[in-house]
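Chain by chain, the residues run as shown.
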Amino acid sequence: MQALTHPLTYLVNLATPLNLTQYTAQGGYLGAIKALKEFSPAQVLEIIKDSQLKGRGGAGFPTGMKWSFVPHYDDDDVRSKENKYLVCNGDEMEPGTFKDRLLLEGVPHQLIEAMIIAAYTIGANKAYIFLRGEYHLAAKRLQIAIDEAYQAGWLGSGIQGTGYQLDLYVHTSAGRYICGEETALINALEGKRANPRAKPPFPQVAGLFGKPTIVNNVETLSNLPHILKNGAQWFKDVSPNSDAGTKIYGACGRVKSPGLWELPMGATIGQVLNDHAGGMSDGLKLKGLLPGGASTDFLMPEHLDVPMDYDSIAKAGSRLGTGGLIVLDDKNCPVAMVLNLLEFFAQESCGWCTPCRDGTPWAVEILTRIEHGKGSLDDIDSLLNLCDFMWIGKTHCALAPGAVEPLKSALKYFNDDFMQHIEQGCCPYHGGR
Amino acid sequence: MNIINQVVLHCTQYLTASEMAEIDHEISIMETREAAGIEALKIVQANRGWINDDSLTAIAQYLKMSTAELEGVATFYNLIYRQPVGKYVIHLCNSISCHLTGYNEILQTIKQHLAIDYGQTTTDGLFTLLSNVCLGGCDKSPVMMIGDKHYQQLNVEKTIEVLTQLKNLSDEGKNI
Chain Z
1 MQALTHPLTY LVNLATPLNL TQYTAQGGYL GAIKALKEFS PAQVLEIIKD
51 SQLKGRGGAG FPTGMKWSFV PHYDDDDVRS KENKYLVCNG DEMEPGTFKD
101 RLLLEGVPHQ LIEAMIIAAY TIGANKAYIF LRGEYHLAAK RLQIAIDEAY
151 QAGWLGSGIQ GTGYQLDLYV HTSAGRYICG EETALINALE GKRANPRAKP
201 PFPQVAGLFG KPTIVNNVET LSNLPHILKN GAQWFKDVSP NSDAGTKIYG
251 ACGRVKSPGL WELPMGATIG QVLNDHAGGM SDGLKLKGLL PGGASTDFLM
301 PEHLDVPMDY DSIAKAGSRL GTGGLIVLDD KNCPVAMVLN LLEFFAQESC
351 GWCTPCRDGT PWAVEILTRI EHGKGSLDDI DSLLNLCDFM WIGKTHCALA
401 PGAVEPLKSA LKYFNDDFMQ HIEQGCCPYH GGR
Chain B
1 MNIINQVVLH CTQYLTASEM AEIDHEISIM ETREAAGIEA LKIVQANRGW
51 INDDSLTAIA QYLKMSTAEL EGVATFYNLI YRQPVGKYVI HLCNSISCHL
101 TGYNEILQTI KQHLAIDYGQ TTTDGLFTLL SNVCLGGCDK SPVMMIGDKH
151 YQQLNVEKTI EVLTQLKNLS DEGKNI
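In order, the protein sequences belong to chains Z and B.
Be aware that the first sequence starts at 1, since it is given in the working numbering, and climbs by one per residue.
Be aware that the second sequence starts at 1, since it is given in the working numbering, and climbs by one per residue.
Note that these hints are calculated values from the structure, not bench results.
Given the structure is predicted, the values throughout are model-derived calculations rather than measurements.
Please note: incorrect hints may appear among the correct ones.
Stated by the list, open to error - Listed next, the in silico EDC-like pairs over lysine to aspartate or glutamate satisfying Cα-Cα at most 20 Å (straight line): (1) Z/Lys192 x B/Asp53; (2) Z/Lys192 x B/Asp148; (3) Z/Lys192 x B/Glu31; (4) Z/Lys211 x B/Glu34; (5) Z/Lys211 x B/Glu31; (6) B/Lys64 x Z/Glu190; (7) Z/Lys192 x B/Glu157; (8) B/Lys42 x Z/Glu190.
As the list claims (entries may be wrong) - A short list of chain B residues far from chain Z (calculated; beta carbon distances all over 10 Å): (9) Asp53; (10) Asn78; (11) Leu79; (12) Pro84; (13) Asp139; (14) Asn155.
What the hints assert, rightly or not - Chain B stretches covered by chain Z per the calculated footprint, using a threshold of three residues with CB under 8 Å from any CB of chain Z: (15) 67-76; (16) 96-108; (17) 121-135; (18) 140-148; (19) 158-165.
Where a beta carbon is used, it is the ideal one built from N, C-alpha and C, also for glycine.
Make the full structure from the sequences, and use the hints.
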């Protein structure tokens, strides 16, 4: 039964997503109706906590715990009348990550149902889908689905005969990777420059327009209808490993069949790469890979047996991140790859704090020199110093530490390649870019 | 560029009725007027191609915020154009999976075919070439976006075909 093993994707139809009638006929909105009619918000929160759902946007923070930080006031407290907000983070811009797009374009009603459940639980009457500006098709399909949901009484006032009201809007962004950071996203939604905010206060207490706000990733939210429908125990049992639920894993780079697959949380890297992506393209060997987007540490061929769950990947020295493998083959230059990644981070740095604003372009300068055969041994030391200079605790947000992860791990695993560039005075892969 | 130049017209005369209606909708779903700023910039840009100084000042005035503040916003976001662009803006993905699967060849193809570099517009005013971060088409890389459309699994032939097609469409007076 696909619904129980592939809950997130079994209703995905990229050519023509299910309309509301079709989605409902397939069991859609059952999770939302159960939440609204059978449970109090506090009871839904307990179910989600019990399910052990963790954020799928990259950080892996327990969703139920995040929600529990939203303050609840008694009815006679004036603060109970204040708005709370739910925001769906659909600003998918992590290089090598394209999983949310599948859900946004393929099954928009699932996200709307999920947002009804989440908003009901935290007591929000307004919700936004923050969508990256480049996802035009997703924006169009979401708006059609939202219009349908309003017409059918799933959005607006008195949802399905209950006293609950929710208004849901799509906000399309205008670019910049940093918008994916939740406090930067809130600033962007307020029409400001997307600089991350200092924490505390955390958005759960003072977020959008200063009001309690929950920001959840598309994939995280999309799990909710199924947890409500099938129960927390089912969700935990879907995965044989320590982390609950399924995960949409991906693979890109020069592999035989790049793509996305929903698998039980904890499928091994080798399973994703070899069984699903078909292994490396003909004539190529695996050199290394980033397990979950650009801002994760490299792992190597000896890590193929590592399960892709939060703890196991962390033990192997990296992060699950978004679960999208970026695969490096033996004919692509690792130095050029790291240079491309650092160019990305340097360009997308919001410029707020010095380590990131100055550190990332500095790393680009040094890496460019090495890639073009003009590097020296001192440059390696400088890069290592930069890795320290841009690490957690020294920067305003996680962007620069995210840049350090592939850089530092590349210096460790591909030391020979860096040395060859320096000693031979050229790129051994293609004689410079 | 003089961003504090005098607006001769009042914003309600500068902006069209439909632009103001669309901006009003964005304001209505937010708690503050300036929260509609990014959407407002996109609305006007969709109509006029890019955000010139007068547009910027008019939008700021309409949202009751300072022009300088809106300029800070407009220049932060890469999908807001503060300089004139061609009819078709090519957003070529230069992130990692495209890099690994042939981005450079596509870049060289576009540069040669259109005789422009990044940030430049063809002399006929048809094409502007810009880079873009990961377009989320990594399983079908290399990828570029022109207007609302994503073009995937690009190779040299396909890239030239797309550019030629757009030029022909434009010559026939059609839009994509």
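Comparing the hints with the structure gives:
no.	hint	result
1	Z/Lys192 x B/Asp53	holds, 19 Å
2	Z/Lys192 x B/Asp148	violated, 24 Å
3	Z/Lys192 x B/Glu31	holds, 13 Å
4	Z/Lys211 x B/Glu34	holds, 17 Å
5	Z/Lys211 x B/Glu31	holds, 11 Å
6	B/Lys64 x Z/Glu190	holds, 14 Å
7	Z/Lys192 x B/Glu157	violated, 41 Å
8	B/Lys42 x Z/Glu190	holds, 15 Å
9	Asp53	holds, 18 Å
10	Asn78	violated, 4 Å
11	Leu79	violated, 4 Å
12	Pro84	holds, 18 Å
13	Asp139	violated, 4 Å
14	Asn155	holds, 14 Å
15	67-76	holds (count 3)
16	96-108	holds (count 6)
17	121-135	holds (count 4)
18	140-148	holds (count 4)
19	158-165	violated (count 0)
Hint compliance for this structure: hints 2, 7, 10, 11, 13, 19 are not met, and every other hint is.
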